[in-house]
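Let the sequences and hints guide you as you build the complete structure.
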Amino acid sequence: MKKKKEETFNKKILWGLLLVGVLVVLFLLFRNNNNVKVQFDTDGGSKFNTQFVVKDGKIVKPKKEPVKEGYEFDGWYVNDELFDFDTPVTDKLTLVAKWKKIDEDTVVKYTVNFDTDSGSIVSSMKVEEGKKLLKPTNPKKEGYEFISWQLNGKEYDFNTLIKEDITLIANWKKKEETLNTNNKLIVKFNSNGGSLVNNVTLTSGYRVSKPKDPSRKGYVFKGWFLNNKEFNFNTYINNNITLTAKWEEDLYTIEKSFFQEHSPQVKVTVKKNNIVVGAKSVLTSDERLIGIYHEEHDTILADETDYSKISKVKLNDGTIVSISK
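With the working numbering as the guide, the letters of the sequence shown map in order to residues 241 to 565.
Simulated from the structure, these hints should not be mistaken for lab results. Every residue, glycine too, gets a C-beta built ideally from N, C-alpha and C. Take every hint as true, because none was put in to throw you off.
Derived lysine-lysine pairs resembling DSSO-like cross-links, with alpha carbons at most 30 Å apart:
(1) K340 to K304
(2) K520 to K552
(3) K469 to K428
(4) K298 to K308
(5) K414 to K450
(6) K428 to K452
Beta-carbon label-pair distances, calculated as ranges:
(7) T559 to S364: 45 to 53 Å
(8) L436 to K301: 49 to 57 Å
(9) Y476 to K372: 27 to 35 Å
(10) K428 to P504: 52 to 60 Å
(11) P328 to K381: 53 to 61 Å
(12) K380 to K428: 29 to 37 Å
(13) G433 to K381: 33 to 41 Å
(14) Q500 to K549: 17 to 25 Å
(15) P504 to I342: 57 to 65 Å
(16) E369 to V460: 28 to 36 Å
(17) Y547 to V347: 48 to 56 Å
(18) P504 to D557: 25 to 33 Å
(19) I342 to V460: 38 to 46 Å
This is the structure:
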């Protein structure tokens, strides 16, 4: 009697396991029949993973576009028609990448050079106008630790869109000074009559970033100087230093040009440091009026016979300046 009960129990277990197996198979069949396989054929471009979507569901549009050298991606197509990713998918599908060949003759490219300052060589790169520069592998230099790439004395941002030829310079730090955090130096900026430029405190062995140019009325800034020599902002700082601004007085000049047929007058153009500026009038050395600005002609008019007598100019802000001849 006991043996018969055991056999009955074992049979129930077997039937239970068989039922579970059947349910699993049915579930897998249902899932496979209800899922749709979507493949991406990049036609020689970078690879994309296959997607499985629920039948009558929508495909998730890839966030990144494929890449193919010498070509520009033009979209995902089905049967030569641009695919709409809002379209429900009812059956297995293959999306094919469409490409446009890039005409190299029309593509503007700029050269990016890398000055490693005696470090390992980093080859120049060609970058299309409006594209970002791919950051190269960091160079190496015996006894130094690479810090960053710099442009015009400031750390370069690799999210910048390239619009011209540039040269990036490697910024290094001596390895023996890596842990010397107390060795602080001061770089002072003497603007020499110009707008205030704050001093900079930095660790020995670093470079100082070039500050924004100061301004000074009546002068043009010519750079920062140390011991009467223009300072190179790629220099490693190992001592306290004072950089002094160098200035040159604004240079005002005039030019004459033809006005009208049979007219005794000429046009007078005023320039400041070779750049055209607005002016109200031109004067003699004792500030006698020779010519004034005429709005209808958008220029200063003066008798040609008096042109050689012009020694001063009255600017739009009322300032009177001497001209250089």
